[in-house]
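Peer 1: Protein sequences appear in the order of chains A and B.
If you're matching positions, the first sequence starts at 1 in our numbering and goes up one per residue.
If you're matching positions, the second sequence starts at 1001 in our numbering and goes up one per residue.
Rather than coming from a laboratory, the hints here were simulated on the basis of the structure.
Treat each hint with caution, since some may be false.
[What the hints assert, rightly or not] One-sided and incomplete, this derived list gives chain A residues near chain B with beta-carbon spacing under 8 Å:
(1) Phe26
(2) Ser56
(3) Ala72
(4) Tyr92
(5) Thr209
(6) Ser210
[As the list claims (entries may be wrong)] Below, computed lysine-lysine pairings styled on BS3-like, alpha-carbon distance capped at 27 Å:
(7) B:Lys1202 with A:Lys201
(8) A:Lys201 with B:Lys1043
(9) A:Lys201 with B:Lys1186
(10) B:Lys1231 with A:Lys201
Being a predicted model, the structure only gives us computed values, none of them experimental.
Ideal Cβ placement from N, Cα and C applies to all residues, glycine included.
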Amino acid sequence: MGEKVLMKGNEAIAEAAILAGCRHFFGYPITPQNEIPEYMSRRMPEVGGVFLQAESEVAGSNMVYGAACAGARVMTTSSSPGISLMQEAISYMAGAELPCVLVNIVRGGPGLGGIQGSQADYFQATKGGGHGDYRLIVLAPASVQELMDLTITAFDLADMYRIPVMILGDAILGQMMEPVIPGRRGKADLPPKTWATVGAKMRPKNVITSLSLDPAKLEQHNFDLGKKYNKIADEQVRYKTYMTDDAETLLVAYGTCARISQAAVDMARERGLRVGLFRPVSLWPFPYEALQLAAEESLRVLTVEMSLGQMVEDVRLAILGSKPVRFYGRTGGMTPTPREVLEEIERIVEEGI
Amino acid sequence: MKKVFGRPEALTDVPTHYCPGCTHGIIHRLIAEVIDELGVCEKTIGISPVGCAVLAYDYFNCDFVEASHGRAPAVATGIKRTLPDSVVFCYQGDGDLASIGAAEIVHAATRGEKITVIFVNNAIYGMTGGQMAPTTLPGQRTTTSPRGRDVESAGHPIRVAELLSSLSGVAYISRVSATSPANVTKAKRAVRKAFETQIEGKGFSLVEFLSTCPINWGMSPLEAMKWIDDKMSLYYPLGDYTRVPEVG
Ligand SMILES: Cc1ncc(C[n+]2csc(CCOP(=O)(O)OP(=O)(O)O)c2C)c(N)n1
Ligand code: SF4
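So that you can see chain B by itself, here it is in the shape it has in the complex:
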């Protein structure tokens, strides 16, 4: 009988440490499926962030490097410029990418580094216990915005896909979620497109996932999925943000 559902080869056979209802695990799976489908596991180098996904290297079957907080795009640049035929992807949270690593992501994107970034936006600092993130929604309560994010003093959340889409080095950007089977299918298509963009040498590619953090949001897994659909995706609309770079 033909096996229709199993563990992708690019994933290791170990249980992850992610909390119940956290979509980090689904995102790992989608990346691994795409790596398998493209047949590039042997030439893929992943870069894990500082954040809940720091141990991503335990879950993938390809070579992996752990970067310091926010620097994954710089580390990826060093690797890709050394091994231009490899497939290099960064896996980064919102604190990692949009706060401490804001400079590194912007410059890797504008240089058109031929890397793929999987950006996991859960609107909070998961690993350190639920502090405010650069993507925390206005009014959202966190341990460092206990009365809800006040944009007057804490500033406004960053829309990463929109921000980066203005840069000419960017060849593909999309924002997706994993809140329903239909959304997962779309998300996988986006991840695949991002990897293909890199492999075809077109430039920088990024997929932003709106992702759950039920533990730190104080919600059940189902409530968390619903919060993405009802709240997060209003501030962060899903879809394709690739702009054709202007010429001249």
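So here's chain A without its partners, still in its complex pose:
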């Protein structure tokens, strides 16, 4: 166990990538994640790695595509408008089954939006974003320590399944300072990258493409991807619960909203209300079954998000109409306070739903 150090969320992500053995970083400046490329521009030369400021997120994400083809552990980071520009490369990487780590430090949208924290990119991250039938693994940390740990995990998952993995944070998590214990590169038993295009020496050539003009072959490729996604859904569901055992009101929230909701749970408990929190950590695969089980004994569910209500659709899919699912959200860069969430809890308890 290492010593605790005080770190900003964005810096923890950057250092975690270094600890995970990432030696290639391509990115383009955008608030509120500039600390990551700045940190990388300092740190990469120290560890013999590559930092390159791309001319755009379109180019940066395609550099990631290239480095991933060449077998590198590679990362890019951005915030909402920049992630929109990366959707082309993300779809191509999903199609060509290339491992990489993407970080979205989400800000308010749509359009240029604002620079305060938001969770309005949930749909984009978990439901596609780019074109075609594909999935990303999407992880949602809720503390600086988790930003560190899940970033390291993300590299292993990417290599294990040959898939782009996204860390979905927000401006608040990125800017927040907390003590962290630096993580370590995982010991996962990872498959060798025999598919990488590193030069056809003593082997037949490798080709990396997402093109398949024969629809029967493309369908088969999609079926194969589907099988992989099902395997990931079986193996990589992550979530945390807080005081859910006897909860009559079950809050569901991820990331920053989970922290706020946890504070609201404590306040509600002080008032004698039986409230608990279910926190999805993997947004894809979404913990449908675990949430359904956690909600079994409760009377009602309240989803809290910094959006107009996006994850709540998955929560409803998990609950399948067996109890009322309410939504409370602030958006556009506004953050709900624990008191607001408490008041919403009290309102729905009083209404008797």
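We have chain A already, so just place chain B with the ligands on it with the hints.
Peer 2: Chain B with the ligands in isolation, oriented as in the chain A frame:
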């Protein structure tokens, strides 16, 4: 007996899908010959574009990556920065390179990425059926400039070699064609020089080919060759465009 003409080892033994009279095939051959002569096939990674040459990976015997439309120079950057000892080349059409990928080519060039770009300028969008390209000549008819390219509304064709030659990261640029045996010989020399420039670590290199698209130009293969000599090469003069970068 010594074999004087055969398939280069860097080319696969499959028939290409290119139309009769299309010079994509000759250009492939020249690249493959240079790869063979330099003995670098085992460390070469090619990048194919979106365009008629999208399947170039079927025709070369080296590792290959297919890039999204226009992004080949960014993909090449990612590969070369990961494998600095490899030989990386992009193969791109004019729509790919000079329209949708204009930013990527300019920045790869100005960064002096140690890659080689083979730029196939056929003044038209071949794959999608003959629409106007950024390099379509003034007055040239295409399916989206049916009355001929009107520069007042459609703007002017881009001279890529000239444009990029102003950038300090560029170590070698040449414009060639494959319309005659003499031109093919010159073209091969240029391709070789471009690859050598990369291997010697000097910076970015690009060879622009004026290339035929008889199908979409509505010409016979011979007419198409002649159109390059008589029309295209007036707007796009052949020759070396390398400038010695200014110091200071
Ligand atoms: C993002 C995107 N936009 C458009 C297309 C459609 N498209 C395919 S090839 C092409 C033009 C290719 O023309 P060029 O680069 O000149 O190459 P050529 O086919 O003439 O060799 C276009 C527009 C695409 N595949 N992707
Ligand atoms: S459409 Fe034009 S560029 Fe494409 S293969 Fe045919 S002749 Fe060549």
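Peer 1: Could you run down the list of hints and mark each one as holding or not?
Peer 2: Here is how each hint holds up against the structure:
| no. | hint | in the structure |
| --- | --- | --- |
| 1 | Phe26 | 7 Å, holds |
| 2 | Ser56 | 6 Å, holds |
| 3 | Ala72 | 4 Å, holds |
| 4 | Tyr92 | 5 Å, holds |
| 5 | Thr209 | 4 Å, holds |
| 6 | Ser210 | 7 Å, holds |
| 7 | B:Lys1202 with A:Lys201 | 25 Å, holds |
| 8 | A:Lys201 with B:Lys1043 | 7 Å, holds |
| 9 | A:Lys201 with B:Lys1186 | 31 Å, violated |
| 10 | B:Lys1231 with A:Lys201 | 44 Å, violated |
Going through the hint list in order, the structure does not satisfy hints 9 and 10.
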